[in-house]
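Visitor: As a plain string of letters, each chain reads:
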Amino acid sequence: MSKILNVQNLSVSFTIQGRKLHAVRGVSFDLDVGEAVGIVGESGCGKSVAIQSLTRLIPSPPSYIESGSVFFDGVDLLKLSMNELRSVRGREIGMVFQDPMTSLNPTMKIGSQILEGILHHRLASKKEAEARAIELLHLVGIPDPPLRFSQFPHQLSGGMRQRALIATALAARPRILIADEPTTALDPTIQTQILELLKQLRRRLNMSLILISHDIGVVASLCDRVIVMYAGKIVEQGPVAGVLNTPKHPYTRMLLHSLPRLDSGHGQKLFAIEGSPPSLYAPPQGCPFAERCPEAMNICERTPPPAFSSVCCWRYDSRCQK
Amino acid sequence: MNQPLIQADRIVKTFALKNCRLTAIRNVSFSIYPGQTLGLVGESGCGKSTLARTLLRLYDPTSGSIIFRGQDITHLGPQKMKAVRRQMQMIFQDPFASLNPRMTVQDIIAEPLQVHRIGNKEEQNKRLAHLLDLVNLPSTCGGRFPHEFSGGQRQRIGIARALALNPEFIVCDEPISALDVSIQAQIANLLLALQKNLNLTYLFIAHDLAMVKVLATHVAVMYLGEFIEIGPVQEIFSHPCHPYTQILLASIPLHDPIQESRRTQIFLQGEPPSPTHPPKGCSFCHRCPRAMPVCFQEKPILITVGKEHQAACHLN
Numbered sequence: 001m002s003k004i005l006n007v008q009n010l011s012v013s014f015t016i017q018g019r020k021l022h023a024v025r026g027v028s029f030d031l032d033v034g035e036a037v038g039i040v041g042e043s044g045c046g047k048s049v050a051i052q053s054l055t056r057l058i059p060s061p062p063s064y065i066e067s068g069s070v071f072f073d074g075v076d077l078l079k080l081s082m083n084e085l086r087s088v089r090g091r092e093i094g095m096v097f098q099d100p101m102t103s104l105n106p107t108m109k110i111g112s113q114i115l116e117g118i119l120h121h122r123l124a125s126k127k128e129a130e131a132r133a134i135e136l137l138h139l140v141g142i143p144d145p146p147l148r149f150s151q152f153p154h155q156l157s158g159g160m161r162q163r164a165l166i167a168t169a170l171a172a173r174p175r176i177l178i179a180d181e182p183t184t185a186l187d188p189t190i191q192t193q194i195l196e197l198l199k200q201l202r203r204r205l206n207m208s209l210i211l212i213s214h215d216i217g218v219v220a221s222l223c224d225r226v227i228v229m230y231a232g233k234i235v236e237q238g239p240v241a242g243v244l245n246t247p248k249h250p251y252t253r254m255l256l257h258s259l260p261r262l263d264s265g266h267g268q269k270l271f272a273i274e275g276s277p278p279s280l281y282a283p284p285q286g287c288p289f290a291e292r293c294p295e296a297m298n299i300c301e302r303t304p305p306p307a308f309s310s311v312c313c314w315r316y317d318s319r320c321q322k
Numbered sequence: 323m324n325q326p327l328i329q330a331d332r333i334v335k336t337f338a339l340k341n342c343r344l345t346a347i348r349n350v351s352f353s354i355y356p357g358q359t360l361g362l363v364g365e366s367g368c369g370k371s372t373l374a375r376t377l378l379r380l381y382d383p384t385s386g387s388i389i390f391r392g393q394d395i396t397h398l399g400p401q402k403m404k405a406v407r408r409q410m411q412m413i414f415q416d417p418f419a420s421l422n423p424r425m426t427v428q429d430i431i432a433e434p435l436q437v438h439r440i441g442n443k444e445e446q447n448k449r450l451a452h453l454l455d456l457v458n459l460p461s462t463c464g465g466r467f468p469h470e471f472s473g474g475q476r477q478r479i480g481i482a483r484a485l486a487l488n489p490e491f492i493v494c495d496e497p498i499s500a501l502d503v504s505i506q507a508q509i510a511n512l513l514l515a516l517q518k519n520l521n522l523t524y525l526f527i528a529h530d531l532a533m534v535k536v537l538a539t540h541v542a543v544m545y546l547g548e549f550i551e552i553g554p555v556q557e558i559f560s561h562p563c564h565p566y567t568q569i570l571l572a573s574i575p576l577h578d579p580i581q582e583s584r585r586t587q588i589f590l591q592g593e594p595p596s597p598t599h600p601p602k603g604c605s606f607c608h609r610c611p612r613a614m615p616v617c618f619q620e621k622p623i624l625i626t627v628g629k630e631h632q633a634a635c636h637l638n
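Those protein sequences? They're chains H and F, same order as listed. The first sequence maps to residues 1 to 322 in the numbering used here. The second sequence maps to residues 323 to 638 in the numbering used here.
These are calculated hints, taken from the structure and not from any lab test. Certain hints may be false.
Said to hold, decoys possible - Stretch by stretch, here's where chain H covers chain F in the computed footprint (C-beta under 8 Å, at least three residues): (1) 378-390; (2) 503-509; (3) 527-533; (4) 536-543.
What the hints assert, rightly or not - Pairs of lysine-lysine residues, derived as DSSO-like cross-links and limited to a Cα-Cα distance of at most 30 Å, are as follows: (5) 402/F with 340/F; (6) 518/F with 402/F; (7) 340/F with 629/F; (8) 269/H with 518/F; (9) 518/F with 629/F; (10) 109/H with 20/H; (11) 629/F with 269/H; (12) 20/H with 3/H; (13) 109/H with 340/F.
All C-beta atoms in this analysis are idealised placements derived from N, C-alpha and C, irrespective of residue type, glycine included.
With the sequences and hints as input, model every part of the structure.
Guide: Put into C-alpha cells, the structure is as follows:
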C-alpha cells in the first residue's frame, strides 16, 4: 500500500499566560491509502492537538508548531500558505468533530452547510451540488433527505446531526476523513449506528480514516492500526490485534487491564493505575510514564526511550535484563 | 430480607412545557435495600437523572410516593425534609462544574456540616481531616482551591462532601464517565471500598454497562421514563429479557479486536420517541426488531421472569 500521509517529529506547544505548554512532543506516524488508524489516549494527552495541527486548524497564537513535517502527497502541509492550505482542508482532508450540537452552524440550513464545502472548492455548479448534497444525506442514512436538506440543525436529533456533520465532511470527497471522538456525545445504540456508517463509508469510498477516541472498544471495532499516546508522545503503535491483545508498553498494558469488562464480577476490585498524568507545563525529561510505571528503571526517568520497533520503552532495549 | 432503605411507589413526574406536557417519569416503582447498589441505565433523556432527583425530593413527584426508612417523605415540609437530607446525598457527574471555584476545599467539604450545624469548629476540623483521609486526599490540601486539582482528585473532593454528614444513601449521577480512562478505575474502587466500610447504599446512574456490572448489585433499565427491566446484576447480564436490554448489552464495543470482529451486531433503527408524545403501546415498539401487532396496541407491564427479575415485554 502507498502512504497518503507521513507525519515526522511533530511538536506543538501553546503559550498560556506566559507559560509554555508542551502539548505534542515529537509525534511521527504514517497513514496508508484506505487505512483506518485509531489514536487513543486520555484527555490532555495531545491526540486532538496533534491531529488538528495536521491541517493547522489550531489558531496560532496561542499554538506554535515547533518542529516537524506533515507530508500529504509529497507536499509538506506545514509549509503551505493559508491560501494553499484552504484547498486541502475539506477538499482532501475532511473532519468530523466530537460534538454535533456545537459544530454545525445553528443559523444555517443543513443543506447549505453541505453545499458550502462543494461550492467553496468549485467542484460543481449550484444545481449539481444540491443533487449531490441530497445524495450525501441519503448516503449517511438520513431518512427523507429533501426535507432534512431545508431544515435547521435544531430540528434534528443528536444522531441525525452527527450524520449530517459526516455528510458535510464528505461533501468534497476527501481522501482522508478525520473523526475526533465522533461518538462520544452519543448514546450507545446510536454510537453503534454511527460506527457502522463510518465502516461502510470507508469501504465504499476507499477513504483513509483517522479516528480519535478514548474508547478502546470503538477503535477495536473500526481501525486497522492503533496509536497510543500519553503526555504528548506516542508510546506504542501497531496493528489493532497486536497492540490490544498483546500490549507491549506498560501504560497500554495497565490501561487495558484497568478497564471494567463485561465478564468481570460484581464488587471485583478494578486494577487501577495509581497517580495521574504529568503536567505538560514541565513534562518529564525521560519516559512520560516513568513516574507511574511499576517497571521503571533509572534510565527511564533520565532519557526518553527511542522506538524499539513499535514501542517506546527501555524495557525493549536489547541491553535490558529481562 | 429486612426493610428497604428507600422505596419508590408508582412515581410520576410531569413537567409543563410551553404548549404541552412532558412526562419524564411514568409510573416507576422499586426498592433499594441497605447495602445494595441499584445501577440505573438508559439513553440520555430517558429520565434517569430526573428519577434520582425526584427520589431526593429535589423535584416533587406529580404523583406516587417516596418512602425512606419506612417514613413517607413525599410531602414532608422543608424543616423535616432537611433532617432527612442528612441521610441522603449526591455525587455529581462533572467534577469541574459541581465544586464552587471560589471556595477552598475545606470550605466545600465542611459546608454540609455548617448548614446542619454539626459540631464546633474543632470537631468540624477533625471530621474534615477524617474525610480527606477516607477519599485518599493529602490532609494538607484543605486550603487549596478546586482548580489546583485534577479531575480525579476533584471527584474525590465531591465524594468527601457527600460523605460529610455520614449519609446512608448516596445518589451517584454518572460519577465516573467524565473522568479519564486511567482514573476511572481509581474512583470505582474508592466507591466500592467506601460502600463496604461505611455500609452505604447507592443509586448509581451510568451509561457504561461494564462499570455497572462491577459496581451494582441490581440493575434497572429505563426507556422513555419507564422501567422496562429490573433485576439482580447477574440475571440482567446473563439473561436479558427485554429486546432493548439485549441490544443495549450488544452495543458495547469490546476491547478485544478478535472477539469484536466475530460477534454479531444487532442494529437498532431510529431513535427514542419524544416523551411529549409517547407511543400508544410499548414505548419501544417502533424500534423493536421483534415487535408484534399487540406491542403497538397494548402497553406491557412489568412481570416476573426470574428470581427478583422483572421485564415489561409481550414476548415474555
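Visitor: Each hint needs a verdict: does it hold in this structure or not?
Guide: Hint check:
1. 378-390: violated (count 0)
2. 503-509: holds (count 6)
3. 527-533: It holds: at least three residues are needed, and the stretch 527-533 of chain F offers 5 whose Cβ sits within less than 8 Å of chain H.
4. 536-543: Holds, because 4 residues of the stretch 536-543 of chain F bring their Cβ atoms closer than 8 Å to Cβ atoms of chain H.
5. 402/F with 340/F: violated (33 Å)
6. 518/F with 402/F: holds (29 Å)
7. 340/F with 629/F: The hint is violated at about 44 Å.
8. 269/H with 518/F: Cα-Cα ~12 Å, so holds.
9. 518/F with 629/F: holds (25 Å)
10. 109/H with 20/H: Not OK: residue 109/H and residue 20/H at ~40 Å, beyond 30 Å, violated.
11. 629/F with 269/H: Holds - the C-alpha atoms of residue 269/H and residue 629/F are around 26 Å apart, at most 30 Å.
12. 20/H with 3/H: violated (33 Å)
13. 109/H with 340/F: Cα-Cα ~25 Å, so holds.
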